[in-house]
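Chemist: Read off the chains here:
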Amino acid sequence: MEPGHERHGSSAAQLARLLARRRFLQGTASGLGGLALASLLARDLQAAPAAQQASALLRAPHFAPKAKSVIWLFMNGGPSQLDLLDPKPLLAELDGKPVPESFTRGERFAFIKGTPTVLDTPYEFARHGACGAQVSELLPHFAGIVDEVAIVRSLVTEAFNHAPAELFMNSGLARVGRPSMGSWLSYGLGSSNQDLPGFVVLLSGGGQPSGGNACWSSGFLPTTHQGVQLRSQGDPVLFVDNPPGMSTQARRASLDALNALNSRALEQAGDPEIATRIAAYELAYRMQSSVPELMDIASEPESIREMYGVRPGETAFSNNCLLARRLVERGVRFVQLYHRGWDHHGTGEGDDIVHSLPKLCRQTDQAAAALIRDLKARGLLDSTLVIWGGEFGRTPMNERRNGSSFLGRDHHPRAFTMWFAGGGVRAAATIGETDELGYRVIANPLTINDLHATLLHQLGLEHTRLTFRSQGRDFRLTDVAGELFKPLI
Amino acid sequence: MLLVLGFAAQLAPARGAQTPDFDRDVLPILAAACLDCHSGPEPKARLDLLSRKSAISGGRSGEAAVVPGDPEQSRLIAVVEGSDGEYRMPPRGELLSAAQSRVLREWIASGASWSEAAEAQRGQPWHWAWRAPKQVEPPAVADPAWMRHPIDRFVFAQLEAEGLAPAPAADRATLARRLSLSLTGLPPDPGEVEALLADGQNGAIERYVDALLASPHYGERLARLWLDLARYADTNGYEKDDRRSMWPWRDWVIDAFNRNLPYDRFTLEQLAGDLLEDATLDTRIASGFHRNTMSNEEGGTDPEEFRVEALHDRVHTTASVWLGATLACARCHDHKFDAFSIEDYYGFLAFFNSDRADTSVIGPSEQRAGGAMLRVAPTAQRQEYAEALAAREAALATIAKPSAELAAAQARWEIEQKSAAELWSLLTPTTMSAESGATLARGEDGSIVVSGTSSELDTYRLEFTLPMAGARVLRLELLPEPSSESRGVGRGPGGNIVLSELDAACVSADGERGGALKFARAFADHEQRGNGESWLALHAVDGNPKTGWAVAPQTGQPHQLVLESEAPFGDAPGAKLSLTLAQRYGGAHTLARFRLSCSAQADTALTAPLGSELAAILDEPAAARTPEQSEKLAAHYRAHAPALAGAREQLARADARLALVPTATTLVMESAAQPRATHVHRKGNFLDPGDEVQPRLPKIFGTLPEALPRNRLGLARWIVSPANPQFARSFVNLVWELHFGRGLVATADDFGTQGQRPSHAQLLDWLALHFASTCYDVKQLQRTILTSQTFLQSSRIDAQALERDPHNRLLARGPRQRMEAEMLRDTALCASGLLVRKLGGPSVFPPQPPGIWTMIYSSDQWSDSTGEDRYRRGLYTFARRTAPYPSFAVFDAPSREVACTRRSRTNTPLQALTTLNDPQFVEAAVALARRMLREGGGTNAGALTRGMLLCRSRPPSAEEQGTLLALYEGQLEQYRKDAPQCALLLSNGPAGADADPDPAAAAAWTIVANVLLNLDATLTLE
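Residue numbers (the working numbering), protein chains in the order written: chain H, 1 to 489; chain A, 1 to 1022.
Treat the hints with care, since some could be wrong.
Straight-line Cα separation of at most 25 Å, SDA-like style, residue types lysine to any residue; simulated pairs [said to hold, decoys possible]:
(1) A:K977 <-> H:R251
(2) H:K113 <-> A:T453
(3) H:K97 <-> A:T945
Computed list of chain H residues with no C-beta within reach of chain A, every gap over 10 Å [stated by the list, open to error]:
(4) D120
(5) S383
(6) P487
Derived from the structure by calculation, the hints contain no laboratory data.
Heads up, the beta-carbon is just placed ideally off N, CA and C, and yes, glycines get one too.
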């Protein structure tokens, strides 16, 4: 194995076959032009695992998978579990009082100074569905799908600032440099769609997550496994549009000429990279039509658009949820949606739990629930694992930064809530338990490493066997840890 | 080779009746399982398995590990098979397989012979990379053409042994392009190719190489490699990822390569340029190598955590670049495979632990990147800058020079000072308010106390009736407020203030005339400095709301700001004065309590604030003052003494000259005032310190010579010394990798047991020693490699060669690789004639699609450079770590967060979209089309040939010409019919170009040029 590269031993044999075919085509001396030749070459390339192209091809999982794709609704900023999915009656009792020292002794916080006071939730919780899951009044749509969902209240992370916690959630390390989970999946399983990238990222809520592009970095894996951001403004994929003044016909004609010259070069230089390049240009050409077709959510029936609450032309979470379904339908392996704005410290009206939190819920609740219903209706939910959650949770205490009078909570890594649906995870379940204050996990803790091990498992990958050699050792998504979280599966 | 064969044997140890050979069969097993502990200078239990004597006599226990002829009695067999009960070896890692222990048994049974080679290594590290390179004579080979160059002799000998034949030399045009791209990163001008083709004399290639080595673009090419290793970027990284100024260090790198600074000196200056006995401005700039680490400015983070993180990065980078070793594992635990312990790791880290931190804490939840930095002028203006600095120094010296007259004047001043308080009249506000709604109330001592709403930003407005006519100075006193959160002078938790701007306006007593006051000078008893940023008194009246006066860390003490008006203000008592105190820093850096007064005294020696320290000194009788105190007081007096007005004038002039030189800062290394103790971090956790360690080398490298200091300089001196077995090896390997696309050791950052074995171990050592023998002449090294027949081979691949050696490990053909990101863009700019060949300077902002920079915590925007900065070489493109330049990232350029010793070379559809449609490449296509028309001699064939020569240095074949001219004709027909589409396509070209004589032709050629820029032959270094 080359370091940092995937290579495949059969590339030589494959090249020989390609060249033989080329000779055959020349021999026939028919009307087959560059285009036909190139597409034949390209099809051949796709039929067999080639050198660097391996990434774009399906690879066998370790065992039969439950899920084929993942949609991760990353609620960037850290939504408050105490106001949404983990009700704590004791908060009401202690509201405004100093938090008992037994909870906070020796703790470090990002922004809280001195002895903090307990903050009750201003929202009502009620039981919903056949399973009786407790959900806040802020999530009325989610309340309608709880029977499809496993709510896990016992997540624990290790980082309490946004960027490190996001990186940890994505790559298993609270620093830059490791591949994100989507990249590992692309590396481990490949993509079943030749016209679209295998790992797609969609953003809403105002910009990137704090961790930046590193959140979907391929780390030391080849960059073919990197997440590709589909942008809602400008070209959805960078440079997918032909330049102004160049028609599709002109592009086709120029690619035909290019492929003719490159095919000749392949024959002369014999480098299989040239065959890969010819195929890459053809795929690029197909993306030029498949991407706009994918992005055209106006082509969805009115009823579907209403169910999601799409807002054509805008950067909206609802649009992204619908796109996520369209991507998964087309065989994309890993779709990650970031929605920014859940960082409810309470330093002002823009980030408190009274004004801003309900706003964030309104931006996301309907579309997230619609996504589950839609996937279910299409029979895709069984094979699609949907994940909802942030990089950490929030404190049971009021942050009161600089004496702020707005209500808000600081970052909290010790206990938070995520939910999961489809992809073979349990449905209609509430798993894990936190203490009376929601401060610490007291039953079924789920660490991020364990979460990763479990998610890979659902996709048919054994986390200790999905490795890549870099810097002198084999790395894995779960590093040296990771146990399956049985209650979820 | 022996090791390579042995490795194969390890995989298939069933060898029938053949007697095992020590080097081939036994050593690999011992190496994997035993030698980490049981070899080297201090083998465990004094048992050295590389020594027959030690193995037979046994270690400390005295029990024979090996009894020749008798496996059953050999303790080695008992412990590896576990039949001993108690002991089982190896204690960690994988146990031996049955097949492996069978090899050991057979070997012992056959008499247990050791090889001489193994015996010769006794007392040394067993792994080849940790031993000094061995002097080897290049082997003799049969082919005389391959006997001329030492590199070729090694390569050819190995090919012969493998039954392979080398490829013929590539044609001259291909070589012209390959050499030019390899050494300058730019394709050759067609004229240069022609000249090489025409040069029939001996040594044509050598002369061509020498010309390239002399090109200033050579330094840029090598700098690209070095920037990846040094993880150079223009931002701090992490969440905030704000800008930093580091390009003077990049300029140093380019210049160092161009003036061919020997690699040992190059290394020394970068690792310890600040500590050298002969340190200069230049060497201190060079020391910025290790300031390319990231700094975290995110609120709420622990500054120590990220200071330590930068140290880990320095350890990792130093080891990767100069030792070819991966130490990263040993950060948390002993290295599983290589002999690096966690103590080794932290001993190495200790060399880096006594430098100034890269960030400073400026508030409870705020830190700022900074640390040591230098201010540097552009090379062309270094002279002027140095002279102005000297003039400044001279003026300061005059001011500082003691004299009898001055002493007498000071004595008079000291007496006058005692009654200076009487010079001031309190200003009592008639109205006052805060923009935030905070309450301003008058206190008993004439001060104004702020309470109520505290907001991030605030502006106070006050009005006064002046108690006198002809006031000259205004004074603002900051007073600590016991009821504020920090009890300091500011309202926020840190207690600091930033007075962004103080605006004053005066209206005459009769209400007729008035206007804004202009302040000539500003004085404060204390000004906040550091972090490369200063918060000076004059910043409060400079009209720039982004600067301001601040007082950290003395936030708990009273302070004074005195502003001298250019002209007297207030024509008579009763004139109105209005003040606006803008405090726009954020984080409630707002005044908690303050007092205002004014004075008509024009002599600022009497009105400039003393501060509590000087006031206390003044109270002491002169005789009771310490010399230090006397000097402080005198310095203050001299800064205001009327007799020194001339010198102060000189100072102001020098400062004005300095302000005209566009200097930039660059981050540099600097030792901390106090060295820090270093502890092992248990499991790599900085919050869990273990035993203290002293700066030392990893044991495998021996001990640092006594004569060397135990600091970065000592480490650097060891790194460049022959005692470091890897110094030359690791660099020649990096250079080899740069030119061949693959190092002799493919894992350039890991020569250890987990890295790849060298493809040509003897050649590697020969090159390393040759490099050392030239006193580390970097240009000579490239000349040696690039003029070898090995490098000059054709890169054509036939199916058989591909089958035998798909990655060209054995070098039976020349190098062939997709060009790296920057080279692709540079080539397009160069071919189209757009490239601006200016060397060095600040980073530039060539066009990038909108929405790439979405900075969360700042309004920092990428705004496209105009003019020549759009067309500079790729290595000058601004590098933001969290948002790399998209068309580079897609071609595997690293984000520069950590050192990158090897870029991957992927081949993807997103890359195709980039070179087809990125506006930069389309702009280049338009420019190339126009150039083809201009320089093509008026025929279509001529234009096409010109384009081909510019892009890939070879004219088109008849078939290629047929295809491309057909494309041209077809497009010409289309664009002739569609003028708007034609104009639209040409609008992608450079701004301000002359009108095209035949727009349709230019458009059709643009389509062809777009193809040329996407040809495999254009994108590939072949």
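Chemist: Is the Cβ of H:S383 more than 10 Å away from each Cβ in chain A?
Modeler: holds, 26 Å
Chemist: H:P487 clear of chain A by more than 10 Å, beta carbon to beta carbon?
Modeler: Its Cβ never comes within 10 Å of chain A, the nearest being 28 Å, so this holds.
Chemist: At 10 Å, judged by beta carbons, does H:D120 keep clear of chain A as stated?
Modeler: holds, 24 Å
Chemist: Compare the distance between the alpha carbons of A:K977 and H:R251 with 25 Å, and conclude whether the hinted pair is satisfied.
Modeler: Holds, at about 17 Å.
Chemist: Taken at face value, is the distance from the CA of A:T945 to the CA of H:K97 at most 25 Å?
Modeler: Outside the cut-off at roughly 83 Å; violated.
Chemist: Take a quick look at whether H:K113 and A:T453 sit within 25 Å of each other, Cα to Cα.
Modeler: Holds, at roughly 19 Å.
When each numbered hint is compared with the structure, a violation occurs for hint 3 only.
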